[in-house]
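K.L.:
The lines below spell out each chain.
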Amino acid sequence: MADPRFYSVTGPFTLEALAEISGARVAGEVNLDATFTDVASLNTAGPADVSFLDNKHYIDDFAKSKAGACLVHPDLAAKAPPSMALLLTENPYHAYAWVARSFYSAVAVAAFVAPSAVVGETAILGAGCRIEAGAVIGERTEIGRRCHIGANVVLGDGVVVGDDCEIGANASLMYCIVGRGVIMHAGVCIGQDGFGFALGPQGHLKVPQLGRVIVEDDVEIGANTTIDRGTGPDTVIGAGSKIDNLVQIAHNVQLGRGCIVVAQGGIAGSTIAGDFVMIGGQVGVAGHLRIGAGARIGGQSGVMRDVEAGATVIGSPAVPATEHWRQVATLANLSQKGRMKGK
Amino acid sequence: MADPRFYSVTGPFTLEALAEISGARVAGEVNLDATFTDVASLNTAGPADVSFLDNKHYIDDFAKSKAGACLVHPDLAAKAPPSMALLLTENPYHAYAWVARSFYSAVAVAAFVAPSAVVGETAILGAGCRIEAGAVIGERTEIGRRCHIGANVVLGDGVVVGDDCEIGANASLMYCIVGRGVIMHAGVCIGQDGFGFALGPQGHLKVPQLGRVIVEDDVEIGANTTIDRGTGPDTVIGAGSKIDNLVQIAHNVQLGRGCIVVAQGGIAGSTIAGDFVMIGGQVGVAGHLRIGAGARIGGQSGVMRDVEAGATVIGSPAVPATEHWRQVATLANLSQKGRMKGK
Amino acid sequence: MADPRFYSVTGPFTLEALAEISGARVAGEVNLDATFTDVASLNTAGPADVSFLDNKHYIDDFAKSKAGACLVHPDLAAKAPPSMALLLTENPYHAYAWVARSFYSAVAVAAFVAPSAVVGETAILGAGCRIEAGAVIGERTEIGRRCHIGANVVLGDGVVVGDDCEIGANASLMYCIVGRGVIMHAGVCIGQDGFGFALGPQGHLKVPQLGRVIVEDDVEIGANTTIDRGTGPDTVIGAGSKIDNLVQIAHNVQLGRGCIVVAQGGIAGSTIAGDFVMIGGQVGVAGHLRIGAGARIGGQSGVMRDVEAGATVIGSPAVPATEHWRQVATLANLSQKGRMKGK
Chain A
1 MADPRFYSVT GPFTLEALAE ISGARVAGEV NLDATFTDVA SLNTAGPADV
51 SFLDNKHYID DFAKSKAGAC LVHPDLAAKA PPSMALLLTE NPYHAYAWVA
101 RSFYSAVAVA AFVAPSAVVG ETAILGAGCR IEAGAVIGER TEIGRRCHIG
151 ANVVLGDGVV VGDDCEIGAN ASLMYCIVGR GVIMHAGVCI GQDGFGFALG
201 PQGHLKVPQL GRVIVEDDVE IGANTTIDRG TGPDTVIGAG SKIDNLVQIA
251 HNVQLGRGCI VVAQGGIAGS TIAGDFVMIG GQVGVAGHLR IGAGARIGGQ
301 SGVMRDVEAG ATVIGSPAVP ATEHWRQVAT LANLSQKGRM KGK
Chain B
1 MADPRFYSVT GPFTLEALAE ISGARVAGEV NLDATFTDVA SLNTAGPADV
51 SFLDNKHYID DFAKSKAGAC LVHPDLAAKA PPSMALLLTE NPYHAYAWVA
101 RSFYSAVAVA AFVAPSAVVG ETAILGAGCR IEAGAVIGER TEIGRRCHIG
151 ANVVLGDGVV VGDDCEIGAN ASLMYCIVGR GVIMHAGVCI GQDGFGFALG
201 PQGHLKVPQL GRVIVEDDVE IGANTTIDRG TGPDTVIGAG SKIDNLVQIA
251 HNVQLGRGCI VVAQGGIAGS TIAGDFVMIG GQVGVAGHLR IGAGARIGGQ
301 SGVMRDVEAG ATVIGSPAVP ATEHWRQVAT LANLSQKGRM KGK
Chain C
1 MADPRFYSVT GPFTLEALAE ISGARVAGEV NLDATFTDVA SLNTAGPADV
51 SFLDNKHYID DFAKSKAGAC LVHPDLAAKA PPSMALLLTE NPYHAYAWVA
101 RSFYSAVAVA AFVAPSAVVG ETAILGAGCR IEAGAVIGER TEIGRRCHIG
151 ANVVLGDGVV VGDDCEIGAN ASLMYCIVGR GVIMHAGVCI GQDGFGFALG
201 PQGHLKVPQL GRVIVEDDVE IGANTTIDRG TGPDTVIGAG SKIDNLVQIA
251 HNVQLGRGCI VVAQGGIAGS TIAGDFVMIG GQVGVAGHLR IGAGARIGGQ
301 SGVMRDVEAG ATVIGSPAVP ATEHWRQVAT LANLSQKGRM KGK
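Chains A, B and C, in that order, are what the protein sequence lines are.
Under the numbering used here, residues 1 to 343 are what the first sequence spells out, in order.
Under the numbering used here, residues 1 to 343 are what the second sequence spells out, in order.
Under the numbering used here, residues 1 to 343 are what the third sequence spells out, in order.
Note that these hints are calculated values from the structure, not bench results.
Put simply, identical chains are the same to the list, so a pair is met inside one copy or across any two.
Simulated pairs of lysine-lysine, BS3-like, Cα-Cα distance not exceeding 30 Å:
1) K56 x K206
2) K79 x K56
3) K206 x K64
4) K56 x K66
5) K79 x K206
6) K66 x K206
7) K66 x K79
8) K79 x K64
Next comes chain A alone, as it looks inside the complex:
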């Protein structure tokens, strides 16, 4: 059970309701009116809990789980313990997301402007905003309706934030236009100068950075991630993209819709990624490249060339995944042979 210190649970829900919420179908003949009070992981769930299995790593936990109900792919259902009600779905994690969101629906925050928040005289706040203590909102800044601006957040002059956004504590935003439904976590830095210098042996000359950061609707940005504003063109984060913690996005980068950038990845200046590109953890993508829609880049890769749409690449320098794994195997084999020879 989620710690009531931090969470409040709604419900209960019947098995029938859970099937409807999740889009899953109930397996076999079980009591559709049985009620469930919470979600839980396989190894902590009890008879009143709903769990899910979406990773074969955890199939032993599934087989031993005491969960009263479980969202599971039909192909794995046979491993279930006898007393478990099964909610069958092709996409158990997606289904679980809907169930969990029902038990733990987002609590509407009460509209409020903390006395210690500093709001510019010419700033515009939409109805229903909550501005926490110590937040600093600049001049001509515009915040949409029902936004939650965390404690000690700094929104620079002129920044625009759409409706229903959440900005985490201690985040800093400037020179940016943010869409609706955007979530930024604590410590995020958006819109600072890009790393633009005309290098030279007598010193490096700073180049004015004259663009913005455009964050489209439904984007989520992880803690302490940094996104620099463009040099003239804008830096753009496409709608629905999800960026993890400690990611670096340089000036003029454009991410398409629905992109994923896992923690500690970095994308150098002016690279353009298509829709639904997936970038693994700690990946580095060089500047001025094109990454085609739907491309997938494995963790820790170093991408130095354009990547075709739909391709999967990995390695540093990154090559097609099959070629990468062949190289890994080739080197391991050669190394092993050398060892056999006593060298």
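Using the hints, position chains B and C against chain A.
P.N.:
Okay, now just chains B and C, sitting in the frame of chain A:
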């Protein structure tokens, strides 16, 4: 000498006292009542300073040092300059730590709540706490005795912090339970949502993150490090673990006791590490793995499989260290041969 | 055109004035009195804009550009569209920097101390400083003239900041001495304890960190970058060095003048780099090394040995660049041969 602008030194200490403080033994027949006023590095120390040698890189500096006394391993003592008093110990750095802590003992901070701090009405502050300017303490938040909460820190609703903790400026903590004697440096972000999405071509569905972060006693966490809360299970940082700057710890990760994670390392979701695991700088550990107790992972490694207790692995993908270095040598040799052939 | 929400442009400038500002020479016989009102990128510029070409990636954009004038290397001038006035220069990006700085000259900030800023009673502020809301300035802290201290910045006790510095929102500085003309972006953490522990199976003993961070004149430091103070010696960032976002600089590191560290790079403790060293993105440099002046380290490299002055190294472990690329080619060839043989 440490800059008096920032530090105040106590002492002096006699050679005899230093031997007792450090657990080292005095070599030869020297004046046990000689006094020392400070610690210093080998190349800056003078006759009234105590220094230490713990890295063979610096043996030349040792031989030329003007330090009046030096903590050193017996095996290296022969290189000492003639006038130096030697404090012999198997573990000079450990011994130095005790000596330095004696000269520069932590100053107790005066209890104080800054007028500009915002403390929730239902928050509980232990005796002797110092809450700096602009800190924001939520509702039902509980802070132990003698804690030092830095300027502009944000502690979310319900957060618990044990006795004798230090939280650095601009840190953000939420959904977490922190033990005693924990040090968090500036800009740390603890407890934000993990990177949990049910991915899909129509968009990525956010999955509620319902766990906490448990930070056990005597943990230290570096500047701008991010630790996400669990999805349902908790994220756990074991007692005495030390985490460097800019590290990413994802949801549901469990670190055992005494683990070390060097700067810019990242550990993906649900990976479990045993006690005293050492993870080098910029290492990436994939999700859902088991890292056995005492395992060591070399810098920049990419760990994609479970690691056995006590093993040392390195490389991306990580392999046992001896195999890694053999692969490095094999490739260098083959490349060199190709070059010889004029190719 | 730069968004007037965030920027205000000066000008216009004649072609002749632009030649003088940039140090470029006008090509052919064109109207020197023609006026230009703004800078713009090649693919967005119109007849009244000045653009630049400094990367062959963009030569097609250049050939199609509608820019009225363009800074370009003489060797590429032949590709220009007929109506474009050309400003020829060996260093178009440098020249562009001067032009852009003329159109968008830094606006002097009005002196001001926000009512919600907390300034220590014994702090000293130079003339013309602007201290934004929520900033916290410690005791005995000294700030030079015309500094701009961002909202919710924390400057610890005793910190010294020179004239004409800009410190971004939510940055935290302690135990540091900062020169003139330094720019630090949002979320920077300077001067926290280095990662210094005497490791041991009974637990890791914290070693007092007794040095400072010295940031010399004209340094720029990117968002959420962390620089630890020295253990006793200082950590030093040499004059004119430029450090990108999310970089980690450990205790006792010394960077020479004019060094470049690209985003997410990390330098371990006590490493010393000479002047004008260039360190690529996501590079890791081990501790206690010497990196010679003018050395260049390719992106994602792992440097485990000293690097000679002027050398270019790459790879993990890093080797001379020619050797690295030969190794990459060797492995690709061997892997391909194995595949041919049907293995």
